[in-house]
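Residue numbers (this note's numbering), protein chains in the order written: chain D, 1 to 341; chain S, 342 to 848.
For the record, the hints were derived by calculation from the structure and aren't laboratory data. C-beta: ideal position from N, C-alpha, C; glycine also. Take these hints with a grain of salt, some might be off.
[Stated by the list, open to error] Within a straight-line C-alpha distance of at most 35 angstroms, the following computed DSBU-like cross-link-like pairs (lysine-lysine) qualify:
| # | chain 1 | residue 1 | chain 2 | residue 2 |
| --- | --- | --- | --- | --- |
| 1 | S | LYS567 | S | LYS351 |
| 2 | D | LYS23 | S | LYS356 |
| 3 | D | LYS12 | S | LYS787 |
| 4 | D | LYS71 | S | LYS430 |
| 5 | S | LYS430 | D | LYS288 |
| 6 | D | LYS12 | S | LYS752 |
| 7 | S | LYS631 | D | LYS288 |
| 8 | S | LYS752 | S | LYS430 |
| 9 | S | LYS631 | D | LYS63 |
[Claimed, not checked] A few chain S positions that, by computed beta-carbon distances, are all more than 12 angstroms from chain D:
| # | residue |
| --- | --- |
| 10 | LYS399 |
| 11 | ARG435 |
| 12 | SER773 |
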Amino acid sequence: MNFTWASAPHIKPRDSVSKIMFKVLLALLPSIFLLAWFFGCGVYINILLATSTALIAEAMVLKLRGRAVLKCLKDLSALVTAVLIGIAIPTLAPWWVVVLGTFFAIVIVKQLYGGLGFNLFNPAMAGYAFLLISFPQEMTAWAMPESLNVWLFSDIIRLIFSVQLPDAMTIDGITMATPLDVVKTQVAMNPYSDVTVLPLGIETLFAQGWGWLSLSYFVGGLWLVQQGIIAWQIPLGILSALALISAGFYFYDAQTYTSPLFHLLAGATMVGAFFIATDPVTAATAPKGRFVFGFMIGVLMYLIRVWGGYPDAMAFAVLLMNIAVPVIDYYTQPRVFGTRR
Amino acid sequence: MDLDGVIVFKGWNLKGGLNLEGHKDLSRQYSIINTAIPNELIYPLVDRSGNVQTALVKAGERVLKGQVIAGSKGVQGTLLHAASSGLVKENEWRMIAHPSGLKSECLIIATDGLDECCPVDEPVDYTQLSAADICEKVHQAGIVGLGGAGFPTAVKITPNNVRTIDTLIINGVECEPYITCDDRLMQQYPSEILLGIQVLLRALAIENCVIGIEEDMPEAIEAIQKAIECSGFNQIQVKVVPAVYPAGGERQLIYQLTGRETPNQGFPADVGVVCQNVGTVMAVYQAIVKGQVLIERVVTVTGMGINKPQNMWARIGTPIKDLVSQCGGYNGPIERLIMGGLMMGFSLPDDDVGITKATNCILVATSKEVTKSSEAEMQPCIRCGECALACPVNLLPQQIYWHSQGGAHQKCQSFGLFDCIECGCCDVVCPSHIPLVQYLRASKSKVFLKRREDEAAMLAKQRFERRDTRKAQEKVAQEQRIRLKKLALVKLQKESASSPVKMQDKS
Chain D
1 MNFTWASAPH IKPRDSVSKI MFKVLLALLP SIFLLAWFFG CGVYINILLA
51 TSTALIAEAM VLKLRGRAVL KCLKDLSALV TAVLIGIAIP TLAPWWVVVL
101 GTFFAIVIVK QLYGGLGFNL FNPAMAGYAF LLISFPQEMT AWAMPESLNV
151 WLFSDIIRLI FSVQLPDAMT IDGITMATPL DVVKTQVAMN PYSDVTVLPL
201 GIETLFAQGW GWLSLSYFVG GLWLVQQGII AWQIPLGILS ALALISAGFY
251 FYDAQTYTSP LFHLLAGATM VGAFFIATDP VTAATAPKGR FVFGFMIGVL
301 MYLIRVWGGY PDAMAFAVLL MNIAVPVIDY YTQPRVFGTR R
Chain S
342 MDLDGVIVFK GWNLKGGLNL EGHKDLSRQY SIINTAIPNE LIYPLVDRSG
392 NVQTALVKAG ERVLKGQVIA GSKGVQGTLL HAASSGLVKE NEWRMIAHPS
442 GLKSECLIIA TDGLDECCPV DEPVDYTQLS AADICEKVHQ AGIVGLGGAG
492 FPTAVKITPN NVRTIDTLII NGVECEPYIT CDDRLMQQYP SEILLGIQVL
542 LRALAIENCV IGIEEDMPEA IEAIQKAIEC SGFNQIQVKV VPAVYPAGGE
592 RQLIYQLTGR ETPNQGFPAD VGVVCQNVGT VMAVYQAIVK GQVLIERVVT
642 VTGMGINKPQ NMWARIGTPI KDLVSQCGGY NGPIERLIMG GLMMGFSLPD
692 DDVGITKATN CILVATSKEV TKSSEAEMQP CIRCGECALA CPVNLLPQQI
742 YWHSQGGAHQ KCQSFGLFDC IECGCCDVVC PSHIPLVQYL RASKSKVFLK
792 RREDEAAMLA KQRFERRDTR KAQEKVAQEQ RIRLKKLALV KLQKESASSP
842 VKMQDKS
């Protein structure tokens, strides 16, 4: 009798890339609903635009590269990149901003480097940084929560697709500065200004939605950690670095520096720590290295936020640390069993 | 479990490892059966590590059960004995029990069914034997490690001036799924195993012995502990280890039981330990106390593809198909025939293969139990690091894989390529379904190949340099000869100039 030959181990594999990516998408769902709740349904349109662009662009390049298109699309990694771009871009940004950013992320950053597993830079963050540098104006169009009540879905569609404002409204009237923007512009205007008088309290953060959003990312991220999908060392590194440094400066001078809680809850801290920096392809790969990678992202974030030219810093911090990954990997190899301590 | 004297470990002390479904209940509850004499006994004349066994009998010769029929030379040489009486046939090229699935020269005995024995040594009292006697008898009985590696036991227990041994560890941790042969041995022959341990302790001239048994083998633990209490061999300590794969790996078990870390380029003896498998201890008992040579072992024949899974005393050399037919034959469509376990066993393309001393299990697997090759469609590595978390020796398989893809096999070595024990944990957890073990193994053989090529290149270079020097020397010698000749000529010319006869011009 004859049998098929195969190499050991013969046991069935336990997981798949698609399952991992699907769980990441699942963990993002609550935050997407919250985004829509606080900043309008523009986020749905952003995500729709981003995902369709991502899928079409990826299919196109895969075809050009002579790869199995469906098999690669099935890994869902393009969808994760697209959804991350969709939620990172302001809810009222024009349609071409999302399309351009996603196209750049998928085609240039991911596929031209060899596709899934071979890209050096986090595709979502590279796409985001590309947009931020190229179109700073459009990248700040965060809707003001209060202004949304009078808005119709059709108004938002018209705004995104033809950049037409409803009657008697100005772009300044419907958008608002994010809390991090407020700090940056205030300090830029007057380096000696007192941040304690600015509307940056925790209540404001929650009233404007940012606090709730951060919490939802935090909860979704914890679920991913519990599921074994993301490495806990990276978010721990980022959050601990950010908290430690901001606490140091805050207790040194609370009038110039904002509180640690503000840094943890404002901007992209939580989404970045749990969903962006944890992209395994572009992060350090050894457990110790992952903590270093995360910690350095936290440090860079604080540096850029407080002394850099941009109000938030997740994209730049992640991209900078992506460059450092080979070095981190080299120096953080774990001790192999049986080798000298 | 509330047996006195048994130490139960709460946790697994090493990093990595996997909790695997055991599937042990297919075979563990049935007593070991005896098997019929097969028509043919097949013995490959090469072992798994490639050492050649030289046939010591000729075609047409009649051999008796227990007669030495082949042997390998050298310090690590072993002997092979006929498992039944019969006629030696012409050597044939047959498929052998080897991961390559290749054919090799085999010695074949056509049995005559008489099972006629060689004259057996009178059983002796082991307490009267010296360590050297025991080692010699173990060697004469052809005993090798029955846990899978097949390392000659006599070599392991021979006293060594360099390393001091203080602990004997008995490996009763059958961490691979499906396999229950050691479990059954401990359940059925606890006092024999204890006597085997006494023999080994005597050979090693030590007192300390620890038996490691996995927590999901309660009957075996109880049987051994009771036997210890009855026999009064109180220096033998039972320790229960968690059911984590690969807790039964030699170095892993030593660490779990003693906290000693065997150096990666050394041996267990470097940390004062000798480790023997339960099956090997049984063979030692049979050899020393009963005077029998190693011609049979317990094999687990199991899997959902077999009608009646069970453990059997199988003669070394018995073709797999004979064992299968004594287990009620195949059951339904078979996906894979595996020799060894689900994690580290190798698949065989054919069932007309003789079992060897290292064969602990024949796993007849259906498509429900093993991966179909089509299922495991490979995807790119996403560096998720699951493999590193599962690795019991703390490697970064993802990095080794990456460098092996780039052909940087030297780099792979710096990431501990040769510390990989090929346990397969990384493979199982990889979400991209990359056959990591296969890649690492390929990388290892490429390093070996490179080494061999380098050696060949160096030899060629030395040969070339020697040739160059030889040529140069020849040239010098030739010039010397020419010069001398010329001098002689000039001398001759001078002489002839003075004489009346003129020499002819040479040019």
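Against the structure, the hints:
Between the alpha carbons of LYS567(S) and LYS351(S) the distance comes to roughly 22 angstroms, so the proposed pair stays at or under 35 angstroms and holds. Of the pairs offered as hints, the one joining LYS23(D) and LYS356(S) holds, with about 26 angstroms between alpha carbons and a cut-off of 35 angstroms not exceeded. Pair hint LYS12(D) plus LYS787(S) holds up; C-alpha atoms about 27 angstroms apart against a cutoff of 35 angstroms. With a C-alpha separation of about 54 angstroms, the suggested pairing of LYS71(D) with LYS430(S) is violated against the 35 angstroms cut-off.
Proposed proximity of LYS430(S) and LYS288(D) is contradicted: the alpha carbons are some 61 angstroms apart, above 35 angstroms. Distance hint between LYS12(D) and LYS752(S) is fulfilled; the C-alpha atoms sit about 30 angstroms from each other, no more than 35 angstroms. Distance hint between LYS631(S) and LYS288(D) is unfulfilled; the C-alpha atoms sit about 55 angstroms from each other, more than 35 angstroms. The suggested pairing of LYS752(S) with LYS430(S) is violated, with an alpha-carbon distance near 49 angstroms, which exceeds 35 angstroms.
For the hint pairing LYS631(S) with LYS63(D), the CA-to-CA distance comes to about 71 angstroms; that exceeds 35 angstroms, so the pair is violated. At roughly 32 angstroms, the least C-beta separation between LYS399(S) and chain D is larger than 12 angstroms, which holds for a residue marked as non-interface. In this structure ARG435(S) is separated from chain D by more than 12 angstroms, as the shortest Cβ-Cβ distance comes to about 15 angstroms. Its closest Cβ contact with chain D, about 6 angstroms, brings SER773(S) to no more than 12 angstroms, contrary to its assignment away from the interface.
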